[in-house]
Each structure stands twice: as C-alpha cells, then as structure tokens.
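> What follows is each chain in one-letter form.
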Amino acid sequence: MTTMTASGARFPDLVWLTWRQHRWSIIAAVVALGGYGVACQLVQPGRYGVSGLFESLALFAQIAAGLVAVFWGAPLLAREHEQRTHLLSWGQDVSPVRWSVSKAALLAAGAVVVATGLGLAGTAMLSRMSRPGNGPFSTWGFELWPPMQIVYALFGLALGVAVSAVARRTVPAMGITLVGFTAVRVFVAVWMRPTYLPPVRTTYPLAEQGFPIPPDALRLDFGDVDAAGRTISQSQILQCAMRGNHADFTDLAACEKKLGATQSFVDYQPIDRLLTFHLIEMGIFLLLSAGLFVLACRLVGRQGAL
Amino acid sequence: MVEFRVDRSGGLPAYLQLVQQVREALRLGWLAPGDRLPTVREVVAASGVNPNTVLKAYRELELVGLVEARQGSGTYVKATLGTASPELMVELRAQLEKWVHGARQAGLEDEDIHALLGAVLAGDMKGKES
Amino acid sequence: MSDGIAVTVDDLGKRYRRWPHGSVWALRHCSFELPAGVVAALVGMNGAGKTTLMSVVTGLLAPTEGAVRLGDDASRVSFVAQDKPLYRHFSVTDMLKVGASLNRVWDQRRALRWLERFQIPLDRPCGRLSGGQQAQVAFAIALGSCPSLLLLDEPLSNLDPLARREVTKELLGEVADTGLTVLLSTHVVAELGGVADHLLLLAAGTLLEQGDVDDLLASHVRYVGPRSDTSPGPGQILQARHTDRQSTFLVRLASDSAPRVDPPWTTQTVTLEDLVLVRLEMARSGVRGVAA
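Chains as they are written, first to last, in the numbering used here: chain R, 36 to 341; chain P, -4 to 125; chain X, 4 to 295.
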C-alpha cells in the first residue's frame, strides 16, 4: 500500500541540509574572502600608510574568525530554538546530536577553507610590507599565519555553537559570542602569549640607545638591574623622576643612579621559539574548542532541549 | 448502499449510532439480504468516522446475525429485521393512531406524547428485567 | 490493525526547573497504554501538560521519572508540534526533502498525496503559506516518515471548519489504510465523537480518566427525576444537581451493573463532553480519588 523510497539520514543528506540552510552565509564568506584576496594584492609597499588599507586588512584578518563565530556558530542552534524548528528537525530519525555534530563539522570544514585562504592572503601581504614591527612574531604576523587562523575559526565556531545551545535566542547568542570571542582572544594575546616560555634576558650598559636583541625577536619588558641583579622597573624610575619637577632624561639618569642601577636589561622571546609558541597557542585554542564542542553536544543530547 | 452519519456531540456511542442506522435501513427496506455494506475505508472516506468504530459496529451487527463478513469480499446483509406480520403491523398502527387521536383530544402535544411513550417503554423494560 | 500495544507509559513524570523558583511537576504519575491502531484523544485545558506528555513520548524531552516503551510494531514515531514549525525560507518541495534527508524511511508519494489533496503549492516558500497550509505541510512531512505512532499537538487549531473536517477524514483514512496509531491533543471535546475511540484526560499533570470512549460512555449515566438527596439508582455519584423540584445525578456504574431506576425517574445517556467537564470540575474542586 505504501511505497518506501530509498532511505535518507545518510551523510550526503546532511550535507545537502547544511548547504541548503547555510548557503547564503557560506556564499557571503566566500565572496568576502575573494574580495579580501583582491584587496591584499592592491596593497603596495610604497603606498603603505597612505590609504590605511593595509591596517584595515590586517585588522579584518584578526576579527574574521569572530565573524565565523557570530554568523555561523551562534545561529546554528539558537535559530532552531527561536523558530521552534528544532521540534521538527530533532523529532526525525537523525538524532539531535548527530544533526548538530554533522552540521557543525561541515561548517567547520568550510571555516578551515576560508581561514586558510584568509591566512595565506594576509601573510603574503604582510611579507611584502617587510617592515619592522610586522615580523612573524608581531601580533599581526603571529595571528595571520594560516594554521593560527584555522584554529581561531574553529574556536569561534565551537564557542558560537556552545553559546547558542545555552542562549537559544539568535541575537543574544550572537552578542554573547562576540563579547566572549573578543575577550578570550585579547586575554590570550595580551596576557598569556608573552609568557608561554620564560623570556630571555639580556643586560647592557646604562644609557645605551636601542635594544640589543636579535632581529624579529618579540620584545617584552625592559628596565634596569642593580648590582645584586634585582630588577628596577621602568615605572620605579619614572616615579622617581616625577618627584623632580621636570622629568627629562637627565633626571632619569640621576634617578637610575639613585636607585642603584648598574645595567639595563631587556626581556624577549627569540624568533626560534616562534613555532613552539604557535603550537602552544594552537593547543590552547584547540582544547577550548573541543571542550566547548563537547559541552554543546551534551546540552543538545540532554534532551532537556525544549 | 447506506450512508452513515455520526452525531459527534451525541451521548450515544458512535458505533451504536452506526448499528442503529443499519437496523433502521433494514427496517425501512433500504437494505436487503445480499446487499454489501460499504467497506471500512469507504465509510471513513465518506463520513470521517474512526475505522475502529466502523469495525466495532460491523462486529456487533455480525454478532446479532444481521450481517456476515465474507473473506476478501466484504460485509453482506444476511437477514432482515422481521418484526411482525404485515397484517399485525397494520392493526397495531391503527390502534396507535386511535390512541394518539385520543391523546390530542386530551390536549397533549407531540412532546408530551413522546415523553409519555418513553416513560411507558422504560417502565415496561423494568418490568421485563425484574 | 494489530492487537499489539503501540506505546506503554509507565509512571511518567516530568519536572521543570524554574530557577530561582524551585521546580514544578508538569506531569506526574502518568501511566497508560495505547493499543495499536487506536485514535486517542489527549484532552485537557491549556497548561494541563499535554505538550509535555507528547514531547516525552516523542523522545524530544527526557522524563524525570518513569519510562515510555514503544511497542514492537510501533517503533517509528512522528510528532507535529502545535505551532507546526517549518523553515520559512524553504519551499514546500525543500521541506519534503528535509523530511527525506532526516529519515531512514521516507514515502515521498504519501507526502505528496497529502499536499495534493489540500492543493498546497509546492514551489512557494513556507513562510508565505497561510497557517492552515503550513499545518498541511507539517502533516505531510509527518506522514512521509511512515510513522506507526503519530502524535499531533492541537492538529486542528489553525484550520477552518471545512479543513478540520477534511483533515480529520484524511487522517482516519490513513489509520484505516496503514493501521497507524494516533494520539492527538485537543481541548475541543465536541469534535471527538466518532473520531477518537480512546480518551486520555489530563488535568494539572495528572491523568484523570483514560480508556475506550465507548466503554466510558457506557459506564456513565444520568438519572433525572424529582427532588431527592439520594441517588435513585446504582453507581457512584460524580455530580449531583438540584433545583426546587428536580434532581439530576451523574453516576459511574460498576462494570457489571446496569442503570436501574423506578418511575418517575428516567435515565439519560452522557456525552463525552459532559463526562470531561464533570471530571475537570471534580479535579478543580479537589476530588481526585474516583476508583476506575
């Protein structure tokens, strides 16, 4: 009486569903990537600093993974809850967890492609600029490296999905994801990255101009040390100098003497640690991604999900 | 063929309504032995009645011997509702007409007559049971 | 129509946590069985727990206690939620493809037949269909997945009277054709006669009444007669009403007893609506323990 057609619920079916639901955001990402690649080609070393294009492009690469988080990750579950379509999608043969994992995995694959393209274009642009301060250990240089871009995008997606499983409303989920993503990225870049390994310290005679560190190294703290090797920080010296009425260099030199400074120091991370640092930061974000992803799966699989 | 209808808000169970309608059709000669009753699917499609209700009604009719299910071909009317001989029916009807006439003379309206008849029938039922 | 059991629900309970207000039981101590092939009506007022019960049976919601067991021949469950959710930007054809993609078994012709019967345009985005048409798409997807147990939450609520009749008829046709078991929730009892053969009456998360509709109607009767403080016949009194001259008793008969009153008392049949209203009233005034 009834005719059963070929069975569904296989991987290609879920690929179709993911594409059908997210095609516009995927197309938008690919178009944006193409535009980005073209714009990167327009940046010429000679014209650097005139148009601001270079800074804009580098900045965009920094926040691109955040866009994946906000526009791909956050709506994934939240929009289903909001429009109640989870009652339809999750009541079929494909379990809610398999549905979520498949869609997230497919979007993750897309994110990897987009992030790779972005990283390659950005890194190429950066290397053409060949300017001190844009080296591989600089914030831009470090973060535009394609594998880093991939890891950030994966983290963004996982964060967005986890937030959307909790928030269940699209706009709040997007907002929370944006704030959370930015906070984590800034915290890691500013507070954690310099301290992945104890820095190397070089001491040099007081009042010498410039920092005697190897090229492309990541410069961290600098200041003076006394005869016993104790650190005298820049702020101590400045504080001392402020007590005199004119804080100029002569006073600084006097204060250095007064505080017992015998030598200057500079802390840095040498360039040969670059790969180690990349691996450490990738490890941090991959762990975070995995944790968030497992959390999202548990929330969906708990079935309290209505 | 009979067409069933179900009073959705009525107190009489739906299957009994169907049974009654078949009995009525037999009594009035709309159904005769050998006639096929509509299939369950046909009743559902025509009247929007629960198929289980139709089945239950047909089973009931089968149990009292009014219809029989023939394997694979449907449900057929087996017997008719032989109430009384035609002559007796004519006589009873004449008596009732006379009684109704009397009731009207006494000022009873249709509703009063129905109520009275119902009460008598109920009393008669009680008498039989006890 | 098989003689098996479609679903067994055993001491089911669902508690929602409502931080910071503690938790509430939306459903408590619910036990029932649905024989395969029945059309069961889940009746209750808004907030009685109908949607919670359906969500748990469907598997979308995990019960806090108790269990749901599906019968051997009722392993495929479909659920149509009350708001008939669809992807608004998907065409009807795409929605059917969603159904086909998410199910191991899919009958495209069955789904299309349903849409054709109700003349639903296949190429239009679901968001631009009327509420009634959206409901038809949701029904088509549910039937396309070839359920043996179909749960419908307020299925007729978006439909005009003519469509209600047609949908009811077509659904019953599906029951006749496939032996499908249906559980539909509603608060319009008046439309159930001849449609539902099984009743589950839910109030405040508790099952008040359940069973075969015909049996329920047969075991309840109303005695009408002169003013009296005591019931003139057998049966447990569920409701007694008095005017100056007249008394009415709605009683539940023991399974083997028949209504028996002496004139001038008369008996009247009870409608499903009477029964439901009386039981809900009793529940509201705190009378719970009516022995089944």
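Just so you know, these hints were derived from the structure itself, not from any lab.
Don't take each hint at face value.
Stated by the list, open to error - Now the stretches of chain R that chain X is said to cover, found in silico as 3 or more residues with beta-carbon under 8 Å:
1) 48 to 62
2) 109 to 120
3) 127 to 133
Unchecked claim - To give an idea of the chain R side of the interface with chain X (calculated C-beta under 10 Å), a few residues:
4) GLY43
5) ALA44
6) LEU123
7) SER268
8) ARG333
9) ARG337
To be verified - Cβ-Cβ distance ranges computed for the label pairs, FRET-style:
10) GLY326(R) <-> MET48(X): 17 to 25 Å
11) ASP265(X) <-> GLY67(P): 48 to 56 Å
12) PRO266(X) <-> ARG0(P): 26 to 34 Å
13) SER4(P) <-> LEU330(R): 50 to 58 Å
14) HIS92(X) <-> MET227(R): 13 to 21 Å
15) ALA159(R) <-> SER26(X): 52 to 60 Å
Just so you know, these numbers come straight off a predicted model, no measurement behind them.
The beta carbon of each residue, even a glycine, is placed where N, CA and C say it ideally should be.
> Each hint should be assessed against the structure and marked as holding or not.
Okay, the hints, checked on the actual structure:
Judged by the Cβ-Cβ criterion of 8 Å, the segment 48 to 62 of chain R is covered by chain X as claimed, because 6 of its residues qualify and three suffice. Counting residues of the segment 109 to 120 of chain R whose C-beta lies closer than 8 Å to any C-beta of chain X gives 3; at least three are required, and the coverage claim holds. Residue count for the segment 127 to 133 of chain R with a Cβ under 8 Å from a Cβ of chain X: 3. That meets the three needed, and the coverage hint holds. Residue-level restraint check for GLY43(R) holds (minimum Cβ-Cβ distance to chain X is 5 Å; threshold 10 Å).
Given the 10 Å rule on beta carbons, the hint for ALA44(R) holds: about 5 Å separates it from the nearest Cβ of chain X. Taking 10 Å as the C-beta cut-off, the interface hint given for LEU123(R) holds, the closest approach to chain X being about 5 Å. This hint is violated: SER268(R) has a C-beta 47 Å from the nearest C-beta of chain X, more than the 10 Å allowed. For ARG333(R), the suggested interface contact is broken, since its CB lies about 13 Å from the closest CB of chain X, more than 10 Å.
Annotation: ARG337(R) was flagged as interfacial toward chain X, and the flag holds, the nearest CB pair being 7 Å apart, inside 10 Å. The hinted range of 17 to 25 Å is not satisfied by GLY326(R) and MET48(X), whose Cβ atoms lie roughly 44 Å apart. With their beta carbons about 51 Å apart, ASP265(X) and GLY67(P) fall inside the hinted range of 48 to 56 Å. Distance hint for PRO266(X) and ARG0(P): a CB-CB separation of about 33 Å, consistent with the stated range 26 to 34 Å.
The beta-carbon spacing between SER4(P) and LEU330(R), approximately 53 Å, falls within the hinted interval of 50 to 58 Å. Hint check: HIS92(X) to MET227(R), Cβ distance near 42 Å, so the stated range 13 to 21 Å is violated. For ALA159(R) and SER26(X), the Cβ-Cβ distance of about 58 Å falls inside the hinted range of 52 to 60 Å, so the restraint holds.
In this structure, the earlier hints numbered 7, 8, 10, 14 are contradicted, and the remaining ones agree with it.
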